[in-house]
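Engineer: Order-wise, the sequence lines are chains A and B. As numbered in the working numbering, residues 1 to 816 make up the first sequence, in order. As numbered in the working numbering, residues 1001 to 1220 make up the second sequence, in order.
Note that these hints are calculated values from the structure, not bench results. The reader is advised that the hints may include incorrect statements.
To be verified - Think about it this way: if two alpha-carbon atoms lie no more than 30 Å apart in a straight line, the pair counts; the simulated DSBU-like pairs of lysine-lysine are:
{"no.": "1", "chain 1": "B", "residue 1": "Lys1100", "chain 2": "A", "residue 2": "Lys718"}
{"no.": "2", "chain 1": "A", "residue 1": "Lys81", "chain 2": "A", "residue 2": "Lys443"}
{"no.": "3", "chain 1": "A", "residue 1": "Lys443", "chain 2": "B", "residue 2": "Lys1100"}
These figures come from a predicted structure and were not determined experimentally.
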Amino acid sequence: MPDLPPKLRNWFAAKGWSLHPHQRAMLERAGDPATLLIAPTGGGKTMAGFLPTLAELGETPPEGLHTLYVSPLKALAADIKRNLRSPVEEIGLPIRIDDRTGDTSQTRKKRQRADPPHILLTTPESLALLTSYEDAERTFSGLKRVVVDEIHALAESKRGDQLMLALARLETLCPGLRRVGLSATVEDPGAMARLLARHPDPCDIVLADPGPDPDIAMLETDELPPWAGGGAAHAIPAVMEQIRRHRTTLIFHNTRAQAEIFFHNLWLANDEGLPIGIHHGSLDRGQRERVEAAMVRGELRAIVCTGSLDLGIDWGDVDLVVQVGAPKNVKRLVQRIGRANHRYNAPSKALLVPANRFEVVECMAALEAVRDHALDGDPRGPGPLDVLCQQILIAACSGPFDADALYDEVRSAGPYAWLSRADFDDCLQFCATGGYALRAYDKWQRLQQRPDGLWQLRDPRSAQRIRMNIGTIQDSDTLKVRMRGRGGKPLGEVEEGFAASLTAGDTFLIGGRIVRYEGLREMTVEVSRDKGRKPKIATFMGTKFATSTQLSARILDLFAQGDWPQLPRHTADWLALQARMSQLPQAGRLLVESFAHDGREHACVYGFAGRNAQQTLGLLLTKRMEELGLAPLGFVASDYATLIWGLEPLADPAPLFDPEALRDGLEGWLAGNAVMKRTFRASATIAGLIERNIPAAQRKTGRQAVFSSDILYDTLAKYDPDHLLLRITRTEAERGLVDFGRIEEMLERIGGRIDHMRLTRITPLAAPLLLEVGKVPVAGQAENRLMAEEAARLMQASGLAALHQAEAERSAPSRG
Amino acid sequence: MNGYDFSLAGVSLVALGTGALWWPDRALLCVSDLHLGKSERIARRGGGTLPPYDTRDTLNRLAADLARSQARTVVCLGDSFDDLDAARALPEEERLWLAKLQAGRRWVWIAGNHDPGPVGLAGTLLTELPVAPLSFRHIARPGASGEVSGHYHPKASIRSRGQTVTRAAFLLDRDRVILPAYGTYTGGLRSNNSALATLMRREALALLTGAEVHAIPMPR
């Protein structure tokens, strides 16, 4: 075991600190090629990652970069810089520590490349960018260790795949590099270790003491939860009371919109004027930083937040975590709970607040899962090819490369260990020529093969454009929001679609205040203050997570109990009524109810496949129903069911669930759907076909020059259906927004056992679905009918109809 | 021809759902902003290699409109090519196809801001084409009447029961009609953009293209 520098040892002794067993274990394994540490929040995880570095650098560190630290959040990198610098400075160790993220100034970035610090703290995107420079080899020369913090958060997305490719590149530049991953509790540590290690190197796993079980319960409220919706307004007084009783409360929400609404309601009920803040990813950076600073100073009693506070920034004295809305995912819930009580070996305290009646059941299932230590998670599947395309472009930016060598390098990254040469070559072709069946770009290839066989950028200037578009984070397109007037204060961002739906005078919530939409100026939403107490439009949408497979299965198990002493009376009675009137959905079977309601026929399909899959199922089923002449008009999906309404009753649901037919629907009809187009846009952007950022000098002036990526998708589907990007889009459709994988899993689970209940009226379990937002009208004929109706109404209302009618009569009728 | 019938300066015209304008009495078909060769130009300027099927797709749709209408005259209202080099770089196959479409018809290229000069193809190149009482030009001229123009790529939305449908649109008032862009790789400019809102009269209509043409008061 390497020794800690005496100064550091003395400092530890003076503070009365001793090393945790897992910190000692990390020091002992300092020489291993890869180690994964799994430890709960507050377990001194980050220190465990850095101790070997401090030991190796010692009291007279040599020049050059020694350790690279990668975290998923810029804020976390900045936080670690503070926390690491203060002991190093206190002790007087001559170790230079600096961070480098999207927020770092250009001059500082330049200096870091020429003269790197001993420890550089960064994010996957900034690291990918660093490796794209021609001088990357010099910047990283001498690098010994990489520490990946919160690797569990990165591993769930393409950011992790990109990071592993960047590590493979670093390994080429600095052979013998050692890797350390720091992770919260995960369901499959082995998979995480394989992701981290240089394939096929071994990777030992160090498990820290997980600490005592959390103290977690459902919050009792006087008022009953509503039947549908996610606002949890009924719980405001009870949550307010909890804030009063605790020092600092973190109130987590699943979406930014829900956080905004809850914060607004909380503020209206805050008669004592307790200091309460709001924090989420759409808020302006300045505003977020003010809240973070106030939090660190211990000035806030509560903070309403989203996943933006999920990760390990040390917020000090949090003694209660409140989760509003069903947690959707047990693992995330456990990680959030860990935010309370940052002291090791003290139980964290958490309360769940179901936002509606169904979520009461879901919260109960989640509580049981936490008690059983049953975490959920789906295997990620092989590394996505859009990320690989970006990696090939990054490699080309840093200099000419040999395809064979790059292929070997890529396969040393865990997610790409089993990448076939054919797939690699397709990606390379795509980067070079676009990879189209029609060879159109021989003259304008992006990459060219030189006579010596190496690949390079045809035009070296394109490196700048590639670098500007590095990264895999796919926020939907957003617009900045500002107060009107010169130098108006930036407030945050809203989605482009939301902005397009606003008309002057509309009011909405952002950053906890009500603002009035004034207009759009140079792609900035301008707003003014509004004195109203109720916003006209709730707020922007934000991501919705689907309930995990495990949690869905637990809800079905809970249903099977038959009586529910652990549930609040109102919810137990509701389930009992459903069982009497119809039946409760069961694992291994599919319940389909059909009934007439409000003059329309309804069919409710309890697939328990999660929101995204139920949505896709709605699209596929309505299409099939249209073919069968059932005239569906629309549907709405939740995490557990899809409710479809239309003109004709559903007599036999079985043919609708023929797996072959559904699969054909995905390949054929669904291919033209907006969800597929969004999926395509994300992959096309990552792969470098669509550029999100363009150098200012080359930016077009008119808006009409920009055309939608949907057009590219339609064109490819029509003329080049086997193109790499469409293959990638189909693979992506197995998860994410389309989530076809969970439909297939459901079909397998039910194995054709379908219970059709024909009922005389709407059932207790189906009723809340009618109150859900996000109803989807069936496209095609319905859309055209709606447009015609609305056009006629507008023409009449404006008086233009009469005017143009007279005009038309004066002119001769057309032939044609 | 299926579309929206209207009259401009006493002439009966049809706005087709495809985005083309049809003048039955003259058997004249007018299309605007084809932007042929756009993917080539983007690649040439280092902007990436987009699917190179845009010219083919635009010509496919134009061929269908020509077959249906049996037009004797075709007026391309400018920005027919994404730039002059794109016109010159048109692949042989697409060049021949275009020639086939031109055979037996009068064909007028109006110069646009993207293609201000000769493109080395058959047809007449004009800065504008008067066919009394109408005149065809690329960019609308304030104060003109009986004017058919393009350039702006107008689009408009209908919002109904929480659904918004946005389509390329003709803009129409008693002085002029502005055509939507016909080319496959083209975006749109909302009718409420100040350039369009000041150009068009208060009572202007937007005609949304698609399987059916829907007329609405022009959103401003």
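Engineer: Run through the hints listed earlier and report the numbers of any the structure violates, in increasing order.
Structural biologist: 2
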